[in-house]
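Read in the numbering used here, the sequence shown has 38 at position 38, and its numbers run on one by one without any break.
Hints are computed from structural coordinates only; laboratory data are not their basis.
Please note that a few of the clues may not be correct.
[To be verified] Between beta-carbon pairs, the in silico distance windows are:
# : residue 1 : residue 2 : range
1 : Ala14     : Ala87     : 14 to 24 Å
2 : Thr43     : Arg8      : 13 to 23 Å
3 : Lys60     : Asn19     : 15 to 25 Å
4 : Ser88     : Asp46     : 15 to 25 Å
5 : Pro101    : Thr66     : 21 to 31 Å
Bear in mind that the values here come from a model prediction, so they are computed numbers and not experimental data.
Think of the CB as a built atom: it goes at the ideal place given N, C-alpha and C, for glycine as much as any other residue.
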Amino acid sequence: MGHELTHRYTHVEAGLVENVVIRRTTDTDAYPSGWKYTPHLGTLQDLTLIRYDNAHEDTKGHELHTAAGEADVEFPGMEELIVEFWASADEYWDTIGGNPPRPY
Numbered sequence: 001m002g003h004e005l006t007h008r009y010t011h012v013e014a015g016l017v018e019n020v021v022i023r024r025t026t027d028t029d030a031y032p033s034g035w036k037y038t039p040h041l042g043t044l045q046d047l048t049l050i051r052y053d054n055a056h057e058d059t060k061g062h063e064l065h066t067a068a069g070e071a072d073v074e075f076p077g078m079e080e081l082i083v084e085f086w087a088s089a090d091e092y093w094d095t096i097g098g099n100p101p102r103p104y
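Let's have the full structure, built from the sequences with the hints guiding it.
Right, dumping it as structure tokens:
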């Protein structure tokens, strides 16, 4: 089954790291949404602040991981999910004056 990379970047600044990987996939048994994704914002000390993923979509669905824990979330579509991630991540970046390179 194929995974076509559609978007990838990593940005490190002021103790934070934003790493986004988004792939279109034809493996719809494991990824019924047609996407494999991990937009992540964390600290250099390995603390996850925000991460959306579907690593186990076929069994666990779509998840949001934060420093407080994890929760199942509805998948609104890839564009909506990345916009939601960026909005949440910007709350952290704004407090430190960070400026990750984004295609918007």
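Against the structure, the hints:
1. Ala14 with Ala87: 14 to 24 Å: 19 Å, holds
2. Thr43 with Arg8: 13 to 23 Å: Given range 13 to 23 Å: holds, Cβ gap about 20 Å.
3. Lys60 with Asn19: 15 to 25 Å: 21 Å, holds
4. Ser88 with Asp46: 15 to 25 Å: Cβ of Ser88 to Cβ of Asp46: about 19 Å, so the range 15 to 25 Å holds.
5. Pro101 with Thr66: 21 to 31 Å: This hint holds: roughly 23 Å between Cβ atoms.
Violated hints for the displayed structure: none, as all numbered hints are satisfied.
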